[in-house]
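*Asks:* Using the sequences and the hints, build the whole thing.
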Amino acid sequence: MNEFLTDPAIVGEFVTESREHLESAEQKLLQLEKTPDDPEILNDVFRSFHTIKGSSSFLGLTQLTELSHKLENVLDKLRKKAVKVTPEIIDLIFKGVDILKSFIEDVASGEEEKIEKITNSSVKEVQEFIEEINRSIEKPENTDIKEKAKDYRIKKTEVNEEEKQVFLSAAYQYLSTIRDALDGLKENPSNFDLVNAIFRAMHSLKSSSDYMGFSRIKEISRYQEEILSRVREEEKPVLPDTLNLFEEGYRLLFDLIKIVKEGKGNPPDIQEFLGKMKKLLEGKEKISEKSFPKNKELSGKKEVVEKTIRVPEAKLDLLMNLVSELVINRGAFFSISQRLDSGYDISRLSREMKEATQTMRRITAELQTTVTDLHMLPIKTLFSKFPRLVRDISREKGKKINLEISGEETQLDKMMIEKMSDPLIHLIRNAIDHGIESPGEREKKGKPVPGTIKLSASQEGETVIIQVEDDGRGMDPELIRQMAVKKGIIDRERAKLLDKKRCLDLIFLPGFSTARKVTDISGRGVGMDVVRDAVEKLKGEIEVDTELNRGTRFTIKLPLTMAIVNVLLIEVANQLFALPLSSIRETLKISSDKINKIINKEVTLLRGDLLGVVNLTDLLRLPNNKRKKEKIPVVVIQSGGKNLGLVVDELYKQEEIVIKPLEGVIADTPALAGAAILGDGKIIPILDPQQLIYMSEN
Amino acid sequence: MKKNILVVDDSATIRSLQAFILQSAGFKVETASNGIEALEKLYCGNFDLIVADINMPKMDGLKMIETLRKQDIYRDLPIIIVTSEEDKEDREKGLKAGANVYLVKPTDPKTLVMNVKMLLDGEF
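If you read the protein sequences in the order shown, they are chains A and B. Per numbering that gives the first Met the number 0, the first sequence starts with residue 0, numbered consecutively. Per numbering that gives the first Met the number 0, the second sequence starts with residue 0, numbered consecutively.
Read the hints as simulated data drawn from the structure, not as lab findings. Heads up, a few of these hints could be off.
Restraint ranges, calculated between C-beta atoms of paired labels, are given here [as the list claims (entries may be wrong)]:
1) 65/B / 313/A: 32 to 38 Å
2) 35/B / 327/A: 54 to 60 Å
3) 94/A / 65/B: 52 to 58 Å
4) 111/A / 65/B: 39 to 45 Å
5) 167/A / 62/B: 25 to 31 Å
6) 35/B / 267/A: 44 to 50 Å
From chain A, some residues computed to sit far from chain B (all C-beta separations above 12 Å) [to be verified]:
7) 334
8) 362
9) 367
10) 510
11) 575
12) 622
13) 631
14) 632
15) 665
16) 679
The beta-carbon is built from N, C-alpha and C at its ideal position, and this holds for glycine as well.
*Replies:* Written out as structure tokens, the structure reads:
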């Protein structure tokens with residue numbers, strides 16, 4: 000394996016850069032379909048492929064190089080107008096982009112097997128794709144000599160006699176340099192001048208054979224050069240085994256050059272030799288006396304590319320400044336504590352202590368904002384993949400669809416952006432597949448033929464709202480009710496009691512799908528229940544609004560960030576609990592006679608509306624130490640468009656806390672969202688409002 | 000970017016001749032008339048390849064190459080010797096000193112240019 004491929008920093012940089020280029024290429028290609036003659040766009044896409052070609056060749060990722068080279072060629076042809084921009088060509092380029100993407104992800108995975116595939120000299124998938132491209136753009140190969148010289152795989156069909164003589168004369172000199180140096184190394188394996196001499200000659204031979212298009216010679220010298228560069232790095236005497244390999248390489252090179260000279264003869268099989276070289280490079284065998292740690296890492300544990308995030312320098316500077324302030328502040332505390340020991344003027348110390356604490360508070364607050372901010376990304380990184388998705392599916396479904404995206408700049412926690420990808424893909428697929436009608440149907444209904452899907456994001460307070468809205472056929476609550484009963488998701492009696500909104504909620508239950516048949520788009524085993532689960536795992540909510548023949552809108556509400564939340568502390572059964580402030584509508588104190596029982600449920604009237612009320616102690620099945628009070632504290636919580644009044648024993652203050660996930664046996668406790676540690680060390684369970692409402696209903 | 004070549008020869012004619020050939024082939028060329036001058040130019044400039052003679056006053060080509068090869072940054076710099084010494088022995092000395100290729104004068108322009116291109120990794 001190429002030496003750079005073992006450096007996680009370089010590989011990480013490569014992966015990030017390539018992903019960015021591919022994403023940009025996808026967006027540009029979509030634009031291209033609308034403005035096929037825009038030279039700027041063509042140049043941009045060309046450049047993206049060109050960059051990937053360059054950097055992948057540097058890493059020895061042969062297949063990536065070859066594929067991006069081919070795509071670069073296609074773009075060049077489009078640029079020169081030798082080939083016209085058609086949806087078919089764009090399809091083809093997209094297909095190439097997809098293969099590139101999967102390779103990049105393979106590289107990112109750090110799995111040796113996958114990466115090795117990409118460094119191979121031939122992969123079926125890529126060959127087939129290249130042939131497909133060749134078929135569709137009539138002139139098969141660029142015959143420019145320079146191109147040929149660069150791409151060693153393309154064999155020169157005829158070798159210019161004059162050039163051949165120049166090559167041979169130089170090649171024999173390289174060989175003689177190698178011969179002498181090899182002999183010298185046998186006597187003194189620590190003579191690095193000789194290692195350098197072979198390296199130079201090998202390098203010269205590599206680039207010369209590359210120039211001539213002699214791929215076998217190039218491959219052999221390329222590998223030997225790489226091994227030599229390792230030997231140089233290690234600065235340890237060359238092992239006899241390694242020398243023997245060089246000897247074998249020398250003989251092969253000699254034979255191959257002889258064949259060039261005589262213009263006849265059967266080229267020897269170099270695969271076995273190349274295999275040995277590869278093995279050596281991958282560090283399974285030692286090259287010089289002591290193998291260096293890089294090799295060990297490579298043969299042992301795989302290095303997975305670290306997840307990276309790009310940080311603006313200014314933010315990093317700010318962090319650095321804050322940390323230095325913190326260190327200075329630490330000094331202040333230290334000095335105070337020392338003087339406390341020696342019994343100093345208490346009032347003065349207390350003033351200093353207050354100041355130091357104030358400073359500490361400011362610094363930590365700023366640190367908190369800055370670090371949280373680092374974890375935020377514009378939702379654009381997620382939305383940007385949807386134009387491509389919509390294009391592909393609508394083409395496949397024969398539907399015309401405009402995708403309108405807004406609020407791309409809305410910031411969201413990076414982790415949430417990643418987790419929201421699949422649910423949004425599913426919602427959009429559903430919208431295209433089931434929501435938007437066929438062009439014929441739309442025409443009959445008097446709707447504009449192209450359907451519209453709106454994807455939007457916005458921030459409201461501590462919540463980010465993502466909406467997916469279509470102007471399709473909408474959903475019929477009645478039909479949903481019948482389907483749910485038919486599928487046995489709910490029994491007939493209970494179904495009858497459901498209002499329109501709750502009927503719609505049925506689609507989020509496992510096993511529900513209104514699609515009459517499973518299509519390959521939406522029916523991939525992911526239902527709305529999976530979408531809801533994903534959203535709820537992020538402490539978010541999903542709601543659906545629909546109107547027949549007007550369309551459907553899904554609204555996803557997510558907390559801005561997962562880690563830090565504002566909570567209200569409450570007490571029931573002598574135990575403190577926290578409720579997220581984002582789901583609290585209000586807190587009340589009502590007198591006990593205002594709570595009435597209607598059919599087993601306790602309710603109260605709040606500004607003329609019925610509000611279900613439940614005692615949190617009972618709901619959580621905690622021991623009830625009934626102390627009847629005149630004024631009962633009630634917290635009104637809100638989730639999924641439903642309200643519930645929670646009767647608690649005591650209301651305390653608001654607090655900003657860091658949520659820690661629950662682990663082990665208590666992780667599955669339904670009503671708990673997590674736990675937090677308060678400033679005084681107390682551990683507080685955080686209640687999950689959505690679960691509480693659900694529990695109160697069942 | 001154009002590749003930068005340093006031509007080292009004590010003969011002014013050869014210098015301008017080689018410079019002309021290489022410039023016509025699309026390279027940027029600077030010249031020096033002996034080893035010392037070449038080292039001075041090398042240390043302040045950025046070169047991709049050297050074309051050098053052997054017999055020169057002050058410091059000859061072999062000594063110059065040996066000096067360069069001792070320094071890490073010039074360890075792999077491609078060097079072509081173009082000389083009128085055509086003995087086998089001289090050629091061996093040249094290669095041993097660290098030259099990549101040894102060409103014998105008179106070198107025809109095509110051979111020179113092609114050797115340069117072959118050593119420049121196909122990037123020109």
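*Asks:* Of the numbered hints stated previously, which ones are contradicted by the structure, given in increasing order?
*Replies:* Violated: hint 1 alone.
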